[in-house]
Amino acid sequence: MIVFDNVWFSYGDREVLKGISFTANFDERIAVLGESGGGKTTILKLILGLISPDKGKIIIDGVDITQLNEEELIPIRRKFSIVFQEGALFDSLPVKENVAFFMRELLKLPDEEIYRRVRELLRRVGVEDAEELMPEELSGGMHRRVAIARALAVGKTKMFLYDEPTAGLDPINSERIMTLIKDLADKENIGFMIITHVVYVAWQLCNRFIFLKEGQIVFDGNKDELIKSNISAVKDFIKELFFRI
Amino acid sequence: MNAGNQIKKTLADLQDFYLLSINSILKLFKRPLYFDDIIEQMEYAGSASVFIVSLVCLFVGMALSLQLSAELSGLGLKMYTGKIVGIAVIREIGPLVTALVFIGRVGAGQTAEIGSMILGHQIDTLRVYGIDPIKKVVIPRVIASVVMLPCLTIIGDLVCLIGGYYIAVFVSNQSGSFYWSSIIEELTFQNVFSGTIKPFIFGYLISCISCFYGLTTRGGAKGLRTSTTKAVVISIITVIATDFILTRILFYALGFNV
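For the record, the sequence lines run as chains A and B.
Just so we're aligned: 16 in this note's numbering is position 16 of the first sequence, and the numbers increase by one with no gaps anywhere.
Just so we're aligned: 1176 in this note's numbering is position 176 of the second sequence, and the numbers increase by one with no gaps anywhere.
Keep in mind the hints are simulated off the structure, nothing from the lab.
Treat the hints with caution; some may be incorrect.
Below, simulated DSSO-like cross-link-like pairs (lysine-lysine); rule was C-alpha separation at most 27 Å, straight line [unchecked claim]:
{"hint": "1", "chain 1": "A", "residue 1": "K79", "chain 2": "B", "residue 2": "K1009"}
{"hint": "2", "chain 1": "A", "residue 1": "K45", "chain 2": "A", "residue 2": "K55"}
{"hint": "3", "chain 1": "B", "residue 1": "K1030", "chain 2": "A", "residue 2": "K108"}
{"hint": "4", "chain 1": "B", "residue 1": "K1136", "chain 2": "A", "residue 2": "K79"}
{"hint": "5", "chain 1": "B", "residue 1": "K1008", "chain 2": "A", "residue 2": "K108"}
{"hint": "6", "chain 1": "B", "residue 1": "K1135", "chain 2": "A", "residue 2": "K79"}
{"hint": "7", "chain 1": "A", "residue 1": "K57", "chain 2": "B", "residue 2": "K1008"}
{"hint": "8", "chain 1": "A", "residue 1": "K57", "chain 2": "B", "residue 2": "K1222"}
{"hint": "9", "chain 1": "A", "residue 1": "K96", "chain 2": "B", "residue 2": "K1135"}
{"hint": "10", "chain 1": "A", "residue 1": "K156", "chain 2": "B", "residue 2": "K1222"}
{"hint": "11", "chain 1": "B", "residue 1": "K1136", "chain 2": "A", "residue 2": "K45"}
{"hint": "12", "chain 1": "A", "residue 1": "K156", "chain 2": "B", "residue 2": "K1135"}
{"hint": "13", "chain 1": "A", "residue 1": "K45", "chain 2": "B", "residue 2": "K1135"}
{"hint": "14", "chain 1": "B", "residue 1": "K1009", "chain 2": "A", "residue 2": "K18"}
{"hint": "15", "chain 1": "A", "residue 1": "K18", "chain 2": "B", "residue 2": "K1008"}
{"hint": "16", "chain 1": "A", "residue 1": "K96", "chain 2": "B", "residue 2": "K1136"}
{"hint": "17", "chain 1": "A", "residue 1": "K108", "chain 2": "B", "residue 2": "K1009"}
{"hint": "18", "chain 1": "B", "residue 1": "K1008", "chain 2": "A", "residue 2": "K45"}
{"hint": "19", "chain 1": "A", "residue 1": "K108", "chain 2": "B", "residue 2": "K1135"}
{"hint": "20", "chain 1": "B", "residue 1": "K1222", "chain 2": "A", "residue 2": "K45"}
{"hint": "21", "chain 1": "B", "residue 1": "K1009", "chain 2": "A", "residue 2": "K55"}
{"hint": "22", "chain 1": "A", "residue 1": "K45", "chain 2": "B", "residue 2": "K1009"}
{"hint": "23", "chain 1": "B", "residue 1": "K1027", "chain 2": "A", "residue 2": "K55"}
So here's chain A without its partners, still in its complex pose (with noise of 0.2 Å):
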């Protein structure tokens, strides 16, 4: 279990998170809306550790990850599986070597083992034939997908966490990595939390919305409460969906 009990938080000058608090399983399907800017990365990066709260708790699992040093956030950041925007793989590396880094790095596995299993996620998330491309040559939908298959490589986890998956990607591709986020949900049975600026994104695929406006949570409900909500930061996020479904 994820808990925010009144965390705050700041780049220099610039309050991003004003006490915000909420609690998350890891078996549910959340996306965090808002603006760009708004804070919402600042939520992922902060339940992994890589950053410290100015103010309050950050609980996972009943821990205080806020007092944590670097290897006692390493057993925390195991539960989690993140995806980052644009896929964050490594620009020297290709494909094959991405996704089999963390194997080679945390498992220690034989390099034929690696990339046998190295074939059968690439195959698993669609992209069995960029084995041998550098990162550049990818398109961006390709990206995102090699990045869930490196994510996938080091084994079951507890929770996926999303940064924009489907950002800068045309319909289809963004369709297609929809597709390949609900799937590996349903066959690996967990949850996920999605950062996405598109209200769209999120109605498909999940079924609990926190909606972050100025640094602080306007909304925290389920499709329903969103569709009535008289929330007028959230009515007017939500036009788009209206338009869509």
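Since the structure of chain A is provided, determine the placement of chain B on it from the hints.
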């Protein structure tokens, strides 16, 4: 940002830089050590820099020899060109010029590369999976710089002296054998030691500064430009200031008369 916050930020940055520099030494003795990354960085910092270092040092050696020949011939002391070029290059100009070229080529590259990894969340990805960026990213660059800058300095010294030889012999009409013999005379322990100890320290400082600014890159392309510029400027100032301090210490320790 007001003055108080600026001071606080500067002190925090200094503390972070100090921790990074210390950790890059302490974590050297902890497994794993990424040999492939070290070799890759050594190739980038070393063999790929030989041409540019040689080119710059050749012209510096020629300019130095030309200046000295012109001044000394007026005093009837032209035969000391080799001796003075030798001392200046081995003790001071070789290490310093090579370090400055190294900052521009390798240091700036290290900052830009790491900064780009920060902006692309590659460093965050390493941290998420429990791989220490200091061990994986910083230490290979520090080792490469500490090992390769002294090697480049030796090459730079030699090319500088060859440039000086060309001017002394073919422009100033001096004896080539006398030029080299007067340089060999200056290859004393004190001169060679004071010229070879500096590149190790410069290499360590340049890579620590470059990695630090790379790791603290924020704010997209503009942030990357700022951090790379800062890394280069701070490295140049640090290397020149350290050169003076080291020279003063070495003069005292090795018994040079001032």
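Comparing the hints with the structure gives:
| no. | hint | result |
| --- | --- | --- |
| 1 | K79(A) <-> K1009(B) | violated (34 Å) |
| 2 | K45(A) <-> K55(A) | holds (15 Å) |
| 3 | K1030(B) <-> K108(A) | holds (17 Å) |
| 4 | K1136(B) <-> K79(A) | holds (22 Å) |
| 5 | K1008(B) <-> K108(A) | violated (43 Å) |
| 6 | K1135(B) <-> K79(A) | holds (23 Å) |
| 7 | K57(A) <-> K1008(B) | holds (25 Å) |
| 8 | K57(A) <-> K1222(B) | violated (33 Å) |
| 9 | K96(A) <-> K1135(B) | holds (23 Å) |
| 10 | K156(A) <-> K1222(B) | violated (38 Å) |
| 11 | K1136(B) <-> K45(A) | holds (21 Å) |
| 12 | K156(A) <-> K1135(B) | holds (26 Å) |
| 13 | K45(A) <-> K1135(B) | holds (21 Å) |
| 14 | K1009(B) <-> K18(A) | holds (22 Å) |
| 15 | K18(A) <-> K1008(B) | holds (23 Å) |
| 16 | K96(A) <-> K1136(B) | holds (19 Å) |
| 17 | K108(A) <-> K1009(B) | violated (41 Å) |
| 18 | K1008(B) <-> K45(A) | holds (24 Å) |
| 19 | K108(A) <-> K1135(B) | holds (17 Å) |
| 20 | K1222(B) <-> K45(A) | holds (22 Å) |
| 21 | K1009(B) <-> K55(A) | holds (19 Å) |
| 22 | K45(A) <-> K1009(B) | holds (22 Å) |
| 23 | K1027(B) <-> K55(A) | violated (31 Å) |
Comparing the model with each earlier hint shows violations of hints 1, 5, 8, 10, 17, 23; every other hint is respected.
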